[in-house]
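A.B. asks: Produce the complete structure using the sequences and hints provided.
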Amino acid sequence: MSAMRIISAMSGGVDSSVATARMIDQGHEVVGIHLALSRTDSNGKSRGCCTLDDARDARRVADKLGIPFYVWDFSTEFAESVMDNFHSEYELGRTPNPCLRCNEKIKFSAVLDRALALGFDAVATGHYAQIEHGPDGVELHRAIDPLKDQSYVLGVLTQNQLAHSLFPLGGDTKVRIREEALERGLSTAKKPDSHDICFIPDGDTAGYLVRKLGEQPGNITDAATGEVLGRHSGTFTVTIGQRRGLNLTVPAEDGAPRYVVDIDRETGTVIVGAPELLDVDFIRAINPIWAGAPLGEAPTDVSAQVRAHAEPVPASAYVDSGELIINLYEPIRGLAPGQAAVIYSGTKVLGSATVASTNRVGKQSSLHGS
Amino acid sequence: MQRVYLDHAATTSMLPQARAAWLEVSETVGNASSLHTSGRAARRVVESARESIAEDLGIRPSAVIFTGGGTESDNLAVKGLYWARCSQLGQNQLIIVTSAIEHHAVLDPVMWLSEHDGAAVEFARTDRQGCVSAVEIENALVRGGVALVSIMWANNEIGAIQPVHEIAELCKKFDVPFHTDAVQALGQLPLGLGELDATAVTISSHKIGGPVGVGALIVDPFAKFTPVMHGGGQEREIRSGTFDPASIAAFAAAIHYSVSDLSEHAARLRELQEYLIAAVTSAVPEAILNGPPPGEARLPNNTHFSFPGCEGDSLLMLLDAAGIDCSTGSACTAGIPEPSHVLLSMGVDEKTARASLRFSLGRDSSKEGIDQLAQALPGVVERALRAGSVSA
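For the record, the sequence lines run as chains Z and W. By the numbering used here, the letter at position 81 of the first sequence is numbered 81, and the numbering carries on one by one without gaps. By the numbering used here, the letter at position 281 of the second sequence is numbered 281, and the numbering carries on one by one without gaps.
FYI, nobody ran anything at the bench for these hints, they're computed from the structure. Worth double-checking, as some hints may not be accurate.
Said to hold, decoys possible - If you only want the chain W side, here are some residues facing chain Z, beta carbon under 7 angstroms, derived:
| hint | residue |
| --- | --- |
| 1 | 95 |
| 2 | 363 |
| 3 | 386 |
| 4 | 390 |
Stated by the list, open to error - Between beta-carbon pairs, the in silico distance windows are:
| hint | chain 1 | residue 1 | chain 2 | residue 2 | range |
| --- | --- | --- | --- | --- | --- |
| 5 | W | 261 | Z | 66 | 46 to 54 angstroms |
| 6 | W | 286 | Z | 327 | 54 to 62 angstroms |
| 7 | W | 375 | Z | 158 | 58 to 66 angstroms |
| 8 | W | 281 | Z | 185 | 57 to 65 angstroms |
| 9 | Z | 183 | W | 263 | 54 to 62 angstroms |
| 10 | W | 111 | Z | 286 | 48 to 56 angstroms |
| 11 | W | 271 | Z | 158 | 50 to 58 angstroms |
Glycine is no exception: its CB is placed at the ideal position from the N, C-alpha and C atoms.
C.D. replies: What follows is the structure, given as structure tokens:
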């Protein structure tokens, strides 16, 4: 590979620190960029201490590696494309993935476009995934570390975006990356992994949504009997498949645990029932995005993944009227509209689409609305 | 590649005279407030520096209150005068008259007093070139209830020189304290502080080739200031804190050199300023010069342009890669560029305000460096324009 001019997106974490160091070692001309995405202060002037710490950590790693470093302010774009979408999707009873959305709209779109316009060749990130060059162009593959594989959240990238993306960590395990960070003396080597949504640092998504959208209380009812079992403070505070934190006041007759199996937006009702009610074997997903060639109308054997850390499930998939239809060979438990379904051929990402409706095992009718 | 430093308004290289003075004092020991021989020697350094500064600026030595820099001096002037006036007049809500183009070291203490201490704030408007209207200040003084007026001597972003003599006279007439932040003016303009009826004048060392971390508030020795820093009671209890004799000596040396050299230095800067403006506008004909035209109304070291359709931070990054240091004229702790409050208050729209760069000249500036800038600019602007169009 000849030397390129590369923007390395530096979050201030260990992964992007090592990714940046590796790009420099490969002889590329690298500029470190920290993205200012959320502004936690209400007046929009300054950011919370956590993000300032991250910016500082990123700057110190760039200093150590001897590359230029700048902060790019994408907070307006982030608020519009990611946060507003997150709020409205939840309000519509869907379960969005903001990290996917950020990759699609910010990191590999607004940031990449700006980098290319400024004369750079590619954007590198610390995501765990692999880029391979196949006969029909660039391919996105799973990372070799199954515990860290992030190809799912990159499933929204198009061929053109992938052609300008670099993921230097996908061929190693997380353990190895931490060791390398230590060997390189990077100050971020021992920094804990971040798991939360970056604009909800305390991890309390339900509490965050109640603050943003206001309380919209309603009933929790039994799927079998229709009996009211409790109250909730907003349909957006629960997720399909959720068991804990429902505070049901009426116990089940057999004492079995009950799960959120459906959300009725119209009446603001959350429906709970036995876990078997969660099993789906059919997915209709809209707005497909293809990493390479699109699927055709003939069913193709694939594997489907519906959450960042879910097991992939064997399936057959095809395109019908611009929608992605997935028939699962094994049922998936708990799937909400708004989630992304990413389909793979082996380790290769084929594409992704947004779940619009699903069918319960053995039923032909749509359980969840579109 | 030789780097071209065009950010002298942010900070400038240390003068050899200042460095020599600092090194000499750094070899001695002694707290200038101690009573023994070593202490008295340290005190002698401080007092000699005070006298030297007083002579160079045309004031009495007792007018010099040493501080930790421009920001501290501005805080002492704004809060110290406000609180002293409130207690003098037996009132707890008075008006502060200032302008929207002040440095944050003035604006933020003013807004703090407004948010926490009941101060009312009146902003005197500026014209489109960033010059404050003295008439607005007079109107505010006529209405009454004014604790103090604070208007900078010259603006740090667009170099506009303000009518401080006129404003000082008005304040004297109405018997209202007047503070001016002269950080950018010192070393660029003949200050003649003896001829100015100001209650407090902020100056800073590192903008004129002294070390960072030392400055002064030049005060009317009869004016009352409530201290902001309490402690050992130094500087007539107005500013506590151990003296820094080495930095104070270096500060005095920098003032002495820059005042002695002023007319020659300013003339040289004015020539480079015109050269830079011509070079930039011929390299990028769309570039707009913000602030007053070069001449009497503008600091000799300052140029400030908008490049429509570009983001200032894209331009800065690309010029940085081309070996040129400049500024978007505004900064923030997280490194996020905000549109300049100065340009916005002059009526520039937000997009154009974000498209701006300041190039400020200093002693090591040369026509060759400006040529390097002019050579890099067309390509840099073309790329930034492309980036600007994808993000718009």
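A.B. asks: Tell me the numbers of any earlier hints that the structure contravenes, in ascending order.
C.D. replies: 1, 2, 5, 7, 8
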